[in-house]
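Below, each chain spelled out in residue letters.
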Amino acid sequence: MTAVPDSTQRRGRPVDRTPILGAALGTLFVATLVASVAVGAVSLSLPDLWSALWSRVGNAALSPDETLNAAVVWDLRLARSITAIIVGASLATCGAAMQGLFGNPLADPGIVGVSSGASLGAIAVVVLQISTFGIWTLPVGAFIAGTGTTFVIYALARPGREGTDSARLLLVGIAVNAIGGSVAGYLTYLATADQLQSLAFWSMGSLSSARWLTVGITIVPAVVGIALLVVWSRPLDLLALGERQARHLGVDVRVLRRKLIFVTALLVAAAVSFNGTIGFVGLVVPHLFRLMIGPGHRRLIPFSALGGGLLVMLADMAARTLDPPNEIPIGVIMGSLGGPFFLWMIWRGAGQGRAA
Amino acid sequence: MIDVRDVTLRLGGKALLEDVSLACAAGSLTVLVGPNGAGKSTLLSVIAGDMAPDTGAVALAGRPLGQTRVRDLAQVRSVFPQGSEIRFGYPVEEVVAMGRAFRDLPPHADRAAIDTAMARSEIAHMAYRNAQTLSGGEQARTTFARVVVQETEVVLLDEPTAALDLRHQERVLASASEMARAGATVLAVLHDLNLASAYADRIVLMSGGRIVGEGAPWDVLTAERISTVYRQPVCVIRHPERGCPVVLTTSKEDACV
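Protein sequence lines correspond, in order, to chains Z and D.
Start counting the first sequence at 35; every next residue gets the next number (this note's numbering).
Start counting the second sequence at 4; every next residue gets the next number (this note's numbering).
Here chain D stands alone, though its shape is the one from the complex (with noise of 0.2 angstroms):
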């Protein structure tokens, strides 16, 4: 689990985040959702590990964050970060295999978890291309096999859909959500209200460094809440599959009101 407490960072005399609290159970996919530069990145580096808030504290999996060493915090969580790179021309298998070097599993059913995560990602057929060669789309999907493969209790997603086509984004927060179900906490940043919508267990949107609304998939995605926090008018309606909300942009304001 996540537990994030009255977390504030700055950044040049600007908060980036301030006084961010957020709990997130073990079981669950949380979405964080907002406009650009609200601190959705920046919450999830802290929770990463990657940078240590001014003040406040995090910890995952009851592991206070700034106490833990690397190599401990990579058997407890696992990150897809925004714009992978790679710097040599690994095969793709090598890359995925990357999720388990310094991860403590028995070697022995390595060979089976990396199979099955390429098979997920749909990127067996390309096992052993020169990672360098791939499309923005098929590195995304290899990243997120790298990620399925760690196997660690705690899952941070940052924008895992931005270069993914509709059925790679579908298979990305499936198997994320799959993931919940069998009991690991996944935090997932995401763009596209819509996929929060169909696969959050609970969506947080943010603004300006802050929490500004928590909640169900309904509760959050309101056509007056999102207008405002986003400038952008926009209309709520029913998935007539699914269920759940289905956010549109409009042109004018109250077109659906």
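Chain Z with its partners taken away, still in its complex shape (with noise of 0.2 angstroms):
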């Protein structure tokens, strides 16, 4: 006979090891900002880096070498390492809003379709030389046309009704994406040899553009959008049983629904318009993190956003140091370095026997 385990008892209180994570990520991303606005073509060394920093506070007069500091640290590096870590927050905290949403690990929040709306906004403008808006003539076409995708999927699948759940979405995302793809492919098509170079530097994503005026515009969609994502996070862990059983502990599935996608949809196009599609980020880090402290949504967002903004200010360091003065795409990077540390995740949750 077989001993019976008295089941009335908990036992095995796994170890919390959320606040050591907490900690460390937390001084990884202060030493990695501190180093991304550091290091450059001009690396400044931490002395001159803090009063490079207090010099725009304070009023002292400065010397050329320290004005040039100044305009380097303050003007060109704060504003792009700022911009990495709202586009790498915002692409990762949608990322994981969108995996709870779909239920699927392998979601990433381009899903609903903003980004390669956005791509195939950029491409119009560039082929067809629309310049309305003068130079914001690219950001603004491309966040139109990503939202205004997302819009057409969500209008044409109507998940409102009862019933319908979200693979609706799913499939005429797909639908609307190869449309669009195609579209996109006739244009790139028609474009001259140096409309292909400019689209082909928007394709791999760039954070060059960075300057405070768009760091002024993204920054508070950004902050309120992730804000948002943690309020809602209770619901969205609800979802994991689920779009019926989720209504039956008390879940509007369908507002929730609708609410996820416009945050999603306007961080994303609002981080992709500014700085061409960044892969990898909203899919991976997630998913990483789902490993490293569990899929409760509470901690998984906020780790989200500081864990993508880590990843995007590291691979952008990346991009402007490794082949100085140009600058390699930061897709090429992500890509490059982020594909074979997921290869190794995987490696490294199967062999602890869990998977997603």
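Honestly, I wouldn't trust all of these hints.
[To be verified] Subject to a maximum C-alpha distance of 25 angstroms in a straight line, what follows is the list of computed SDA-like cross-link-like pairs (lysine to any residue):
(1) K293(Z) <-> N138(Z)
(2) K293(Z) <-> D53(D)
(3) K293(Z) <-> P139(Z)
(4) K293(Z) <-> D107(D)
(5) K17(D) <-> G330(Z)
(6) K293(Z) <-> R106(D)
(7) K293(Z) <-> K17(D)
(8) K293(Z) <-> G276(Z)
(9) K293(Z) <-> F105(D)
(10) K17(D) <-> R278(Z)
(11) K293(Z) <-> V258(Z)
(12) K293(Z) <-> G330(Z)
(13) K255(D) <-> H242(D)
(14) K293(Z) <-> T71(D)
(15) K293(Z) <-> K255(D)
If you're looking for bench data, these hints aren't it; they were derived computationally from the structure.
Hey, can you piece these two chains together into the complex? The hints should help.
Below you can see the structure in the form of structure tokens.
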């Protein structure tokens, strides 16, 4: 006879590693932020960096060197690092939200058509030589096409009817993406050699257009959007039970889905419009933290925000410094470093008997 | 209480429910039985608010279904669905706690309610296990504990015992019956007629989208009626201890007559 375990007692409470991981991630984040501002074509020592940072706060007279350092740190690098944080945090948190919504760890923030729509918009602006909004035409065009594509997919799928679930959104999304992709392909075919080069640059992503103005435009929606995702973390958790059961427990899935898609479309379109498509962050970062701290969104979303910002800062630093004075597209860095890392994670996860 | 009035539901030209009326009083355990495709789960879905009927109306604890918000409905009824799934690796305890996530109950009582429900379902020892690694039966027990902690007036159970072993089948039905004694309106779909007979205050027999019999176990579970509705010869004997009817399948027609 086998011993019957006492099934009324809790056993084996796992050690909660979240505080340690949070502290480690926070430290790494700050260190990377400092490094990303210090390192580049002109590398600064920590004291130089410190005085450059303070130079704009006080009003002491500056030597020409100090003026240059201050300009590099404030006007170029800090704005760029903050852009990296905004982009990474937006993409990673929206990725977490879409994975939760579709119940699929392979969903990424582009799943509702934002990225491909934005690409189409950017290509149309470049190839058709639209210049309605001057230098802002490309980001505006990409933003409108990105959010517009999501709207079209949502309207066609009409997931509002009771009983229809998110699967329909995916199917309609695939169809709409295919149509958009072929239009984009045709426009690319029409493009001149010069246009092709700027398209290639956009499609592989770059943070080189980052300025305080773009930071100012994107930071408020990003902060508000990510805060909303944190607020919605409990209903997102319940979606793991499936849409029907989430409804039984009091989640209005239809309304939640609309809100999640709205925020995702906005944040991803804002990130992508200024900086081109940056893949991988939205897929991998939430996945990684789910393995480390578990699937609960109340923790997953803030961790993803920090981790996404960290990853894009690192990738951008590599993009700026690996081949000076040229810049390697950030998408290339992300894929070549992130891909093997992701493989390692999968391999390690499989070794420990857990997957997705 | 549950009040179903003249509900008809058609899907793709086929009538899944035809003119079904059912009233379940507070403090009772009603069991829905019937052959495959009789409309039991469909009726339960309509009562749960998952599907809107074409005609007719459903009210739960006095609230008409169509006009009640999702969150308000969750205060009134809990549902044990057929085929539970969990998409990410939440710990078992978390899954049980989800039953109270949007319940307007004092949060300080959550801990005790969750502990009690997990102990009753005998899943306390796996509180920290990844719910995706559970067996079908363990998953069903987790889902049942989740339903229990929701503490609603109306409890709807769709084949809660399908994946369970003998001991846990009995335990789940005993819990359901206990909830009824405490004042809840419990409606369960069961395939096992003997479980139904042992625990139900009232059995409702469905066939072809209609209710074809309802009443106390001895009134509904007659050999003639069961043989006809299920197209399977049976005989009905008395349970030696419980005194309720026991339905046995037989190979030949008229084996017990």
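Verification of the supplied hints:
no.: 1; hint: K293(Z) <-> N138(Z); in the structure: holds (18 angstroms)
no.: 2; hint: K293(Z) <-> D53(D); in the structure: holds (21 angstroms)
no.: 3; hint: K293(Z) <-> P139(Z); in the structure: holds (20 angstroms)
no.: 4; hint: K293(Z) <-> D107(D); in the structure: holds (23 angstroms)
no.: 5; hint: K17(D) <-> G330(Z); in the structure: violated (42 angstroms)
no.: 6; hint: K293(Z) <-> R106(D); in the structure: holds (22 angstroms)
no.: 7; hint: K293(Z) <-> K17(D); in the structure: violated (36 angstroms)
no.: 8; hint: K293(Z) <-> G276(Z); in the structure: holds (18 angstroms)
no.: 9; hint: K293(Z) <-> F105(D); in the structure: holds (18 angstroms)
no.: 10; hint: K17(D) <-> R278(Z); in the structure: holds (23 angstroms)
no.: 11; hint: K293(Z) <-> V258(Z); in the structure: holds (13 angstroms)
no.: 12; hint: K293(Z) <-> G330(Z); in the structure: holds (19 angstroms)
no.: 13; hint: K255(D) <-> H242(D); in the structure: holds (22 angstroms)
no.: 14; hint: K293(Z) <-> T71(D); in the structure: holds (21 angstroms)
no.: 15; hint: K293(Z) <-> K255(D); in the structure: violated (61 angstroms)
In summary, the numbered hints that this structure violates are 5, 7 and 15.
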